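So the chains spell out like this:
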Amino acid sequence: MATAAGTTTKWSRQRPLSMRRLGRGAVPYALVAPVVVVMGAILGYPLYSLVRLSLDRYGLFELIQHKGVYIGLKNFGSVLHDSVFWHTLVRTIVFAAANVGLTMVIGTLIALLLVQISTWVRLLVTAGLVLVWSMPPVVAVQVWNWMTNVQNGVLNYVLTELHFGNYFQHNWYTSPFSQLSMVTTLIVWGALPFVVITVYAALSQVPRELVEAAEIDGARSWRVFKDVTVPVITPVLLILTSLSILWDFGVFTQPYLLIGQPHITTGNYLMGIYLFEQGYVSANFGRGAAISILMLVIVAALSVVYVRRMIRIGEVT
Amino acid sequence: MRLRVVVAAALAVALGAMAATAGASSGRAQANKLTVWLQVDAQSGWPDVVAAANQQFQQQNPGWTVDVQYQNWGDHLQKFDATIAGNDTPDVIEMGNTEMTAYMASGAFADLTGSKGEFQNSGTWLAGLAKSGMYGGKLYGVPYYAGSRVVTYRSDLFKKAGITSSPTSIAQLTADLAKVANMEKGVKGFTPMYLAGTDWYSALDWVFDYGGSIATTHAHKWVGTLDSPQSIAGLTAYKNFFDTVAQKSAATLDEANPAPYTVYSQGLTAAILGPAWFSCCTGTKYKNVTAQFVMPSHTAGKPIPGFLGGSDLAVPAQSGQKAQAVQWISDFTNTSNEQSLQAKGNIPNATNLLANTVNARAAARSWFVPQAKHWVDVENGNILRTMLAQILTGKLSVAQAASTASANIAYTLNQS
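Read top to bottom, the protein sequences are chains W and G.
Mapped onto numbering that gives the first Met the number 0, the consecutive letters of the first sequence carry residue numbers 0 to 316.
Mapped onto numbering that gives the first Met the number 0, the consecutive letters of the second sequence carry residue numbers 0 to 415.
No lab work stands behind these hints: they were computed from the structure.
All of these numbers come straight from a predicted model, not from anything done at the bench.
Virtual Cβ for every residue (Gly too), placed ideally from N, Cα, C.
When the alpha-carbon atoms are kept at most 27 Å apart in a straight line, the in silico DSS-like pairs for lysine-lysine are as follows:
1. K372/G / K66/W
2. K73/W / K372/G
3. K137/G / K66/W
4. K321/G / K372/G
5. K220/G / K73/W
6. K66/W / K321/G
Stretch-level coverage of chain W by chain G, calculated; a stretch enters the list once three of its residues show a Cβ under 8 Å from a Cβ in chain G:
7. 49 to 61
8. 147 to 156
9. 167 to 176
For each label pair, taking beta carbons as the anchor points, the in silico distance ranges come out as:
10. N31/G / T159/W: 55 to 63 Å
11. D74/G / P33/W: 32 to 40 Å
12. H162/W / Y410/G: 42 to 50 Å
13. L158/W / K394/G: 23 to 31 Å
14. G393/G / G71/W: 42 to 50 Å
My request is simple: use the sequences and hints to build the entire structure.
Have a look at this one:
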């Protein structure tokens, strides 16, 4: 009884307060509401349109009529039964893994190098990296194309002059493997600056005293890196890795332009190109929408591990 | 923790970079402004013809401006689709004759049947080209120009090698090129005849020369015929010719990168095969020593069948200025402009305008792609280019590559 009575008094005492609290509590929501509405309109509506489009037959005829024909999940069915889709998916995963791996490893190595070198050299390297970062992909593709050109590319010339073999009129784009390897060099080159500068910033946050303590205890540089530096910069490495996965999985500009439309075939498709060819080039927009939703799901699945680990790290620190 | 600041900053930069990919959109159709999409060929080859048409149009329509926007073959259809979606189509669009069917069937273009009389020489239009602009008995595309494919060659080198007359068979051409090659063997990187290996517009000449074809219909279904004995004989002959006279590393290249005339203008080849307007861009150094002949057949005395490429001009159904669009097309394709196009190395759109040019002689034997709604998918899927690369690099035998391509083509054309 006593408890019950106590509760009643508590309730009655708190009632006017809770109204006020409610009012106070609503303020943050009211403040954030405009942003939520705007974001909902900007992100939500296109997503809704995409899903609706993926359930329609929407080809050239429907495009001209501005009206699709509802066909349920048939677009998804036809994509999932397409062997080209599965081959492309495997190829893209391998391609993205290679690109992300190379970007992260080389990027971290360069960042570690930046810590060691003198201020002047560091400034020079950083300036070079920023220039790379600021170059639009389309321009970079043109430069790559020019350098690896079969007729008079500077790469063939230099390799031949340096006696690495006879590269006169060597064609660097003969097989899907060589084509995608050239794309990889371009993508890794373009992605390095962001990774290097971010990892370098993270490295500057590694407490000096921890490193010194480990060194006094006799740890060699590899042990210091593995057991002191890496744990501190792990959150940064994780976010960089997951962002790189997102970018490299859906990459389009570099492969499409570097390989060139006349040489894009089902044998060298990446997911971004598969989507473009099936959706836009063949003017089958409903199928294209279905592919892009499937890509979204796959990328989400691929990065869930990293996102979960990031959230856990966020909880601990 | 300051590390969080680093993470947050990294994310902010990343998101900023993603958000920066904004697209620019062109303006809505304005009053008194006609938007015309032509291919870049007009920009590099005959800008004066375009200017003449614009001038005439503006005289007839005072206060009007014509906005000519030049497009690339590779992506103009995707851009056109985007303008259809946004109700912002051009008023006139140039279409390749192999691209028309799919769009006419979908209702993308205005019916011009009633205006046919406004176009000069419409009674004598080239039959093949006019057919590509007709669908269901109605006129949607006005013939613009056609082009056959000829050999553009260095007359000085041929003369120096003791060749006095144009070759009349492939065997003779091969022998002539061997003489030139022998003479120029000191020039590093020189190839007697430059062929982009995967240029199917040229390669399939051999298929048709040997009596082969790409696909035929049988019981309302498309059947691939590149694996027929005649087609295989043609592809084998092409491979032999390529191996003998062309540059090995060009086996997987296409005709756009590098353009054959670029190789020619660098002095690295004695002959190129392609549209007659290639003569535009052979370089000032070789301008006076450049001539053309008809690519001969393997049968002596005949020309090889060449791809009859061409363009039509259509008025998108969404255009709000159809009458002006028709008038501009009529100005652009009038007799004097068509004659100028002929002078630049094209075939004019009407038989009564045809002169005895190397281009017109080459058109005596020609071939065309199957007129199927999904042919454009065969082109975009690069099925023929893949086959040619496989054959020329020796990755697959001619029979294997042809059989795979043939099956792919049949599958693509028979899609619903």
